[in-house]
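Colleague: Residue numbers (the working numbering), protein chains in the order written: chain A, 1 to 270; chain B, 1001 to 1453; chain C, 2001 to 2325.
Think of the hints as simulated: they come from the structure by calculation, not from any bench.
A couple of the hints might just be wrong.
[To be verified] Below, in silico cross-link-like pairs of lysine-lysine (DSSO-like), each with a Cα-Cα straight-line distance of 30 Å or less:
#, chain 1, residue 1, chain 2, residue 2
1, B, Lys1180, A, Lys36
2, B, Lys1179, B, Lys1135
3, B, Lys1180, B, Lys1440
4, B, Lys1363, B, Lys1126
5, B, Lys1406, B, Lys1258
6, B, Lys1292, B, Lys1318
7, B, Lys1434, B, Lys1272
8, A, Lys36, B, Lys1179
9, B, Lys1135, B, Lys1345
10, B, Lys1387, B, Lys1255
11, B, Lys1406, B, Lys1206
12, B, Lys1217, B, Lys1309
13, B, Lys1216, A, Lys36
14, B, Lys1217, B, Lys1440
15, B, Lys1205, B, Lys1434
16, A, Lys36, B, Lys1135
17, A, Lys36, B, Lys1387
18, B, Lys1444, B, Lys1258
19, A, Lys36, B, Lys1318
20, B, Lys1068, B, Lys1272
21, B, Lys1199, B, Lys1180
22, B, Lys1309, B, Lys1179
23, B, Lys1444, A, Lys36
24, A, Lys99, C, Lys2226
25, B, Lys1199, B, Lys1434
26, B, Lys1434, B, Lys1406
27, B, Lys1216, B, Lys1205
28, A, Lys36, B, Lys1309
29, B, Lys1135, B, Lys1406
30, B, Lys1251, B, Lys1406
31, A, Lys36, B, Lys1292
32, B, Lys1217, B, Lys1272
33, A, Lys36, B, Lys1251
In this text the structure is predicted, and so the values were computed from the model without any measurement.
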Amino acid sequence: MGVGGYIALILTTFLSIFPFYWMFIVASNGTDEISKVPPTLLPGPRFFTVVSHVYEALPQFNQALLNSFYVGTAISVAQVFFSAIAGFAFAKLNFRGQKYMVLFVVLTMMLPSQLGIIPLFMLMGWAGLLNSLGALIIPALVTAFGVFWMRQVIDTQVPNELLEAASIDGAGVFRAYWNIVLPIIAQSSFVLGLFSFLASWNDFLWPLLVLNSPENFTAQVAVNQLKSSYAIDYALNMGGAFLSTLPLLILFIFVGRRLVRGVMDGAVKG
Amino acid sequence: MSRKWISTKTTAVITASLIAIGALGVISPAKATIDCTNASADGNGCTVLTVNTFGDVIEPALVSDYKKLHPEIKLSIKKSDLDALNGTALYTQCAAGGAGNPDIAAIEISYSGFWRAYPQCFTDLKTMHTTDGNKTANDIKGQYLPWRWDQGVGYNDSVIGIPTDVGGLQVAYRWDLFKKAGLPYQRDAVSAAWNTWPKFIDFGKKYMAKLTPAQKKANIGFLDNVGTIYAAILNQGTQKYYQNDGTDAGKLIYKSNKQVKLGFDTTIDAGKAGIGTRIGQFSSDWNVGMTKGTFAAMLAPAWMMDYIKGQAPDTSGKWDIANIPGGGGNQGGSQLSIPKGAKHKQEAWDFISWYLAPAQQLKVFQIYGLFPSTPSLYTNADLVGFKDPFFNNAPTGKIYASGVQKLKPIFEGKLERCIDMAMGSAISLVVNGKEKVPAKAFAKGLSDADKCK
Amino acid sequence: MSQSSVARRAPKPPSPWKPVKQSRKLSNPNAVVSLNGRWGYLFTAPFFVMFLIFGLAPIIYSVYIAFFNWDALGTQDFIGLDNFTALIADDRFWNAMVNTFDIWLMSTIPMLVLSIGLAAVLHNPYLRGSTFWRTILLVPNITSVLAIAIVFGQLFGRDFGIVNDIIGALGFQHIDFVQGTQSSHIAIASMIVWRWTGYNALIFLAAMLAVPGELYESASLDGATKWQQFRYVTLPSLRNTITFVLIVGTIGGLQVFAEPLILGGSYNGGDSGQFSTLTLFLFDQAFVAYKWGYAAAIGIMITLIVAIVSVINFYITRKLAGEKK
């Protein structure tokens, strides 16, 4: 493992983290930090003051974080589940019309999502789901991207011979799927789940549109409540943004360990 | 340690008291203070009013005040970005027949021209009667600046919103930098020296002449952005992009209106004179520039003062406020409306009429600095006597009051915002040197505005 | 066992354990024929049902209103193909298209190279602290839009931005990253690369880890260097993943929306539309001009453009990756 590799990684780390670190600097030093040239590089003493301001402005902040976690988990579990079985069917099963189905799925990924706002909103209104977390979860239960991803993963990682052998041994399709395919794609499924979670966490436009009550806000919508009319209290907003990103980062650190373990297992099996 | 934790006598007293209190409750069911703080839906005597607003339109201190007056009402407030609320959310909700409408929605004045055209999306506040005093919109109309009131009146004379604050517009300047350049720096002298726009441009030129070449290279200038002049001039006229021809929609006159050409030409002149730093307002360069004195003057609405204080605390005392050339101006402000799909129209109207009444607007000014749209307050001692040490003890209340009273009502139409953006882009093209011939840019602005139709 | 494309394309010899099936053109040549294909309908059903409701409805709505002069709050007049003919004649559309492609090329190519490179570094079994490095990869993706807007706004400031400080120190004149065309594209492309490189590196890493260790062993036994192993073992096995990342990246890249919005603060993509992209233009027509029919026409055109480019992408990648063997 050469020095070059480590240098690349350190550079990547620095570049990836600096906005996040900058959030912390501004939150802990104060709003005028934004206009300081040269900028302060070390955190300041006001962080906890800012945190208390954030909670003062947003008493439901913790609830918002929980909502985001809840929505993200529900969506990622559902998306992985539905994408995996559909992806398996497209990859390994033969049934009439599937080529067109796949093409159609991919085609719909290409339609800009902005167009769907009004019809989707009307649908949610008609279903009585407006201003509830259901409006976030239900339209996101399945994703064309997930199906496309799983199809490609299963195609690449699951050898036909294994499945044939299983079917010879008398396993039905579902058994073959459950016992053979799932373990192999576990780690890629995990990655998909992670990405689904992230996409849901970052989603801003739609939740802002459909959620009206502070109790139902997700993290992004909650942080947006810190904005003033025309100008920004940078310390407060950065503090809120930082606080809403931190739990996710901590989660990643724990998830990261599992990711490594899952990955090692996958590598051995491959 | 006695066996009995509480003596018999004490028990008797407590029991008697409890019975008495209980009896009192039965005999005189006085207004038991309900606590609706945690109510998330209607029920248990609580009513939840959903409010969709942006920024600081609904101020926390007054929300607490209202809670004391009406503990059975809970204000559930959601803030969005301005365009997200007025441009996307309100529109989508109305397109869906009012589904998802909040009880109260704030509409910024840049959207007032647009939403005037769709009164069917709102409740006509002329038809609402307050619980106390039976007041309708007509009854409170006289309390507000006429031109601010008009921004809430839609087609068919329906009143779709009541004015909140008024932005006003004056000039915030660094008197220490003016003094250094040998120019007049006391606010009355400054106001007199630039009481017209051509004089303002001359003043700027004199300032620029005193700068060293190094400073000019570092993009130090007089005004932050000359583009702000355009909007200011347009508001100083009697017509903008529309003419009131007796119909609701009005007649588009942006091509022929001399005021539009005047605003454009004056702005271009200012740009050519090189008095602007071409820094975009609210950009990061602008924030830094404010602390470093990159620009010595900026057109500032009342709410901008707080921003300057927050961004550049080290410049305290070095700023002052002078009158804007041409007399009066406005940037910002909003109306509170009750969308058609609101579920608690009566409670919403009670709140709106209370919140926007002069007494409450005064309190908002005192605590948060937002300037009232109710002229009765312009003679209020607190407002008149208010002096801001950050701005060299300028009597900001008086200054802004005189400014907002100079403006006249301007007929606004549906394409207001779209045309504003088209013209603004055209001006930017010239100011940033991308289009050398101003007439061409003007023509482009007009043709882009044509596409708004 | 490796999944060589050659092996897959050749017809399988009839197996003594399987009943000989009549040869019939298969919908899925890669299918395991001994598994009952009918299950496919059941397995894809949940996806399709949900999809029909939430995915198809917007599409039908959009295709419908594209033939109208559609004011969602007012009147709707049928105008046939007028929206489309107007769009083709609209400078703003072509301008947005050029910008979109420029930004897409500027961001996709560096991102692909960087993410594969990063994945290769992370793939090394001797790497210390791999959990840490992998976690770091996703930090750009979870950083909130507000923070990105502020940080990159400061980074690319004309007078006081860090990038311009460096440029000035090197003796050049400051660049205006918002006003300029190419410079704004560079700023946007760097935001995109920043946000998505780590994400794609993870995808490549997952794919690399699925490559069996035996392939590397036999290659190194044959005397291949680390670089040769990368070129002849790793890269070809990544072919599917590269195709996938490219197609998804194309779809996402041609629909770039958030970054130009962050740079400009409004939907016009700059005063002369210098960084107006296709979806930004769509949104501008939908929620600023409120011309929903026109916006729908734009959306349909975007879909067609993305489809065409994806197909081209697909064939190019297949060809290139095939040559690598």
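Colleague: The structure should be examined with respect to each hint, and the outcome stated for every one.
Modeller: Hint by hint, here is what the structure shows:
1. Distance check on the hinted pair: Lys1180 of chain B and Lys36 of chain A sit about 24 Å apart at the alpha-carbon level, within 30 Å; holds.
2. Between Lys1179 of chain B and Lys1135 of chain B the alpha-carbon distance is near 53 Å, which puts this suggested pair outside the 30 Å criterion.
3. Straight-line distance between C-alpha atoms of Lys1180 of chain B and Lys1440 of chain B comes to about 39 Å, which puts the hinted pair past the 30 Å bound.
4. Proximity of Lys1363 of chain B to Lys1126 of chain B is assessed by CA-CA distance (about 26 Å); at most 30 Å being required, the pair is judged to hold.
5. A C-alpha spacing of about 20 Å is found between Lys1406 of chain B and Lys1258 of chain B, which places the hinted pair at or below 30 Å, so the restraint holds.
6. Restraint check for Lys1292 of chain B and Lys1318 of chain B: satisfied, since their Cα atoms lie roughly 12 Å apart, inside the 30 Å limit.
7. Between Lys1434 of chain B and Lys1272 of chain B, the direct Cα distance comes to roughly 13 Å. Compliance with the 30 Å bound is thereby established for this hinted pair.
8. Among the hinted pairs, Lys36 of chain A with Lys1179 of chain B is consistent with the structure: their alpha-carbon atoms are about 25 Å apart, no more than 30 Å.
9. At most 30 Å may separate the alpha-carbon atoms for a hinted pair to count; Lys1135 of chain B and Lys1345 of chain B meet this at roughly 14 Å.
10. About 43 Å separates the Cα atoms of Lys1387 of chain B and Lys1255 of chain B, which puts this hinted pair outside 30 Å; it is violated.
11. Under the criterion of a C-alpha separation no larger than 30 Å, the hint pairing Lys1406 of chain B with Lys1206 of chain B is consistent with the structure, at around 28 Å.
12. In summary, the hint linking Lys1217 of chain B to Lys1309 of chain B is supported, as the alpha carbons are separated by about 28 Å, within the 30 Å threshold.
13. Straight-line distance between C-alpha atoms of Lys1216 of chain B and Lys36 of chain A comes to about 21 Å, which keeps the hinted pair within the 30 Å bound.
14. The straight-line distance between the Cα atoms of Lys1217 of chain B and Lys1440 of chain B is roughly 29 Å, inside the 30 Å bound, and the hint therefore holds.
15. Between Lys1205 of chain B and Lys1434 of chain B the CA atoms are separated by roughly 22 Å; this keeps the pair inside 30 Å, and the hint holds.
16. Note on Lys36 of chain A and Lys1135 of chain B: the hinted pairing is violated, with a Cα-Cα distance of about 52 Å set against a maximum of 30 Å.
17. Taken as a hint, the Lys36 of chain A and Lys1387 of chain B pair is honoured in the structure, with Cα atoms around 28 Å apart against an allowance of 30 Å.
18. A C-alpha spacing of about 17 Å is found between Lys1444 of chain B and Lys1258 of chain B, which places the hinted pair at or below 30 Å, so the restraint holds.
19. At most 30 Å may separate the alpha-carbon atoms for a hinted pair to count; Lys36 of chain A and Lys1318 of chain B meet this at roughly 18 Å.
20. A threshold of 30 Å between alpha carbons decides the hint, and for Lys1068 of chain B with Lys1272 of chain B the separation of about 57 Å lies outside it, so the pair is violated.
21. A distance of roughly 20 Å separates the Cα atoms of Lys1199 of chain B and Lys1180 of chain B; the hinted pair therefore holds under the 30 Å criterion.
22. Straight-line distance between C-alpha atoms of Lys1309 of chain B and Lys1179 of chain B comes to about 21 Å, which keeps the hinted pair within the 30 Å bound.
23. Taken as a hint, the Lys1444 of chain B and Lys36 of chain A pair is broken in the structure, with Cα atoms around 39 Å apart against an allowance of 30 Å.
24. For the proposed pair Lys99 of chain A and Lys2226 of chain C, the alpha carbon gap of about 39 Å is over 30 Å, so the pair is violated.
25. The suggested pairing of Lys1199 of chain B with Lys1434 of chain B holds, with an alpha-carbon distance near 27 Å, which does not exceed 30 Å.
26. A distance of roughly 36 Å separates the Cα atoms of Lys1434 of chain B and Lys1406 of chain B; the hinted pair therefore is violated under the 30 Å criterion.
27. This hinted pair checks out: Lys1216 of chain B and Lys1205 of chain B have alpha carbons roughly 12 Å apart, not beyond 30 Å.
28. The straight-line distance between the Cα atoms of Lys36 of chain A and Lys1309 of chain B is roughly 15 Å, inside the 30 Å bound, and the hint therefore holds.
29. Annotation: proposed proximity of Lys1135 of chain B to Lys1406 of chain B holds, straight-line Cα distance about 29 Å (limit 30 Å).
30. For the hint linking Lys1251 of chain B to Lys1406 of chain B, the alpha-carbon distance of about 25 Å falls within 30 Å, and the restraint holds.
31. About 9 Å separates the Cα atoms of Lys36 of chain A and Lys1292 of chain B, which keeps this hinted pair within 30 Å; it holds.
32. Straight-line distance between C-alpha atoms of Lys1217 of chain B and Lys1272 of chain B comes to about 16 Å, which keeps the hinted pair within the 30 Å bound.
33. Distance check on the hinted pair: Lys36 of chain A and Lys1251 of chain B sit about 49 Å apart at the alpha-carbon level, beyond 30 Å; violated.
When the structure is compared with the earlier hints, violations turn up for hints 2, 3, 10, 16, 20, 23, 24, 26, 33 and for no others.
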